[in-house]
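Chemist: Take these sequences, add in the hints, and give me the full structure.
As given, the protein sequences belong to chains Z and H, one line each in that order. So the numbering used here is basically just the index in the first sequence, starting at one, shifted up by 1114. So the numbering used here is basically just the index in the second sequence, starting at one, shifted up by 34.
Source of the hints: derived by calculation from the structure; they are not laboratory data. Possibly wrong hints are sitting among the right ones.
Said to hold, decoys possible - Computed cross-link-like contacts, SDA-like style, restricted to lysine to any residue with a CA-CA straight-line distance of at most 25 Å: (1) Z:Lys1192 - Z:Arg1309; (2) H:Lys198 - Z:Leu1324; (3) Z:Lys1116 - H:Gly57.
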Amino acid sequence: MKKFEQLRGIVAPLDRANIDTDAIIPKQFLKSIKRSGFGQNLFDEWRYLDYGEPGKDAASRQLNPDFILNQSRYQGAKILVTRDNFGCGSSREHAPWALQDYGFAVIIAPSFADIFYNNCFKIGLLPIVLESPVVDRLIRDALTVDGYQLEINLEAQTVMALSGETYWFEVDHFRKHCLLNGLDEIGLTLQHADRIRKFEINRRNEQPWLFL
Amino acid sequence: MKTLYDKLWNGHVVHAESDDPNGMVILYIDRHLVHEVTSPQAFENLKLSGRRPWRTDSILAVADHNVPTTDRSSGISDPISRLQVETLSQNCEEFAITEFKMDDERQGIVHVIGPEQGATLPGMTVVCGDSHTSTHGAFACLAFGIGTSEVEHVLATQCLVARKSKTMLVKVEGNLGQGVTAKDIALAIIGEIGTAGGTGHAIEFAGNAIRSLSMEGRMTLCNMAIEAGARAGMIGVDDVTINYIKGRPFAPRKDLWDRAVTYWRTLKSDEDAVFDHIVELKAENIKPQVTWGTSPEMVTTIDGYVPDPADISDPIKRHNIEHALEYMGLKPGTPIQDIALDKIFIGSCTNSRIEDLRAAAEIVKGKRIAPNIKLAMVVPGSGLVKSMAETEGLDRIFQAAGFEWREPGCSMCLAMNDDKLLPGERCASTSNRNFEGRQGPGGRTHLVSPSMAAAAAISGHFVDVRSFAH
Ligand code: SF4
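Modeler: Have a look at this one:
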């Protein structure tokens, strides 16, 4: 995993609650056995007017001019601000892959669905929970101020507007540590291989039917 | 004074980094279910890192999302789907992992076959790269969906790094009315607490209305826990649980069986256990449910109406409802019973088990689907469910009524294969998600129970199954 560096970027607002992973990346793209290339199909059904299929060249497709991410002012956005329960629905990690591949590094919302939130950390995408009134303000500013940017400091756990207003956010200590250092979580767990083996032997003795 | 969740969690902690009860721990995983969509990248990375699966006998693999539900003798025609299914088989062969292939009678939806095989046992931690893994909690398991990176983590280490959830008790007391099913309980709960109501929580379902459900019904309920935002749903062990497991292929036998049962009987919350949240519903108040919007919480009763956004004061909620009604092509104030349908789908890991098919067949027996129904299909959850249904003659009942009788798989629950809605088509579906485009781009999904879907097929629009039965 890549280290999460301090970051400043354009903010794109998506003013909608309960955005599910089917909307983030529709199922036809889940047939891929690769981990990359999902960015061009992020929010596919909202973003394009024609029906998207794997292998279809994005350049030849018709963009939906009404979809907010298609507006020129949000091109190159690194931060997505959205509403409650973002990422609900299926467990597909293709959703965070698509967001990251598109260029987002941070998603800000008042709440996230559990599996999605968890998946983000595994790939170095940072989900930030801020209170609803703060998100309201960020969405309003991103809609009204051209080129609106935020600065994210994971070390200090802060989101800073260029006006200087700063919001603190919470993040689990272990997750923060992994993200800041770009650590391989599997490698970390394997450092406890002996403990896992011991646990397994006990389990096998106590509940042998689990090992049939 | 421990909850069932506490017992399951504590029993699987291999190591805790800190004393913080809410900190990350290394959690041992007993059963790893694998399907073709969320596993290829996990296997690929595993191999790239020079690692191997830790414990292959914990894994059970099956292709379900991409498989055709029509004649399979010539394989999968879509080359991208075919490659994904073949990739699963290659990975399973390479590491000697048990896989039920497409021509195996045991093949089916991953959440149907685990319990059916006895591969889901009380007290286990069960994971799968699939959010509806919560289904297995019906067996007093700690079962939850994971992403692909975590699939790789479990493959490589037999563990996950996880953090304890809060607990929620959903208690349903009383007697369910005739024609009211586990699906209706699930939708009523989601209607009550919302799709984010269970976020951060593991839900335990309890109360005598839950106890009175069969294992099939309990699986339907736990399946939908994720739709209430909870990663896991669970139900304590009782005789119903134990009787269901007995004699299944992966279940213990003889002495081990007795030992296992003694332990399993301890898998319930203590009387004085404390939950972070408690939600109570009266079974008598639950009526057959129908969703009208694009989220499972957008639900009402069969005698209800499509809501009017003008009545909603919260601007975000109002906006969401307006948006949903536009997508669904519905006018505020329309009686639910006036909504006419184009297609009927009976299937998915929520409602494709034998009991679901029996309930639907009972309704359609001796009748014909309405002329406005373009397609009505039944997709059994597994090859074994299919053959049991055929032994009982259910296939003939459905076919005589004009239903198509298909091969097992996820099918039009998410429309990754050829089974999909066309833009604007309206479907009564026994699946679990009514998201935009879920059953096909522009498709409109109404979630209902199997008997409600069957009754809608016959009538051509939604009807109250409670009066329909007579
Ligand atoms: S039936 Fe539907 S919800 Fe269940 S596993 Fe398949 S796609 Fe997912």
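Chemist: Against this structure, judge whether each hint is valid.
Modeler: Results for each hint:
With a C-alpha separation of about 40 Å, the suggested pairing of Lys1192 of chain Z with Arg1309 of chain Z is violated against the 25 Å cut-off. Taking the CA atoms of Lys198 of chain H and Leu1324 of chain Z, the gap is near 23 Å; set against the 25 Å cutoff, the hint holds. Between Lys1116 of chain Z and Gly57 of chain H the alpha-carbon distance is near 23 Å, which keeps this suggested pair within the 25 Å criterion.
Hint 1 from the list above is the single one not met by this structure.
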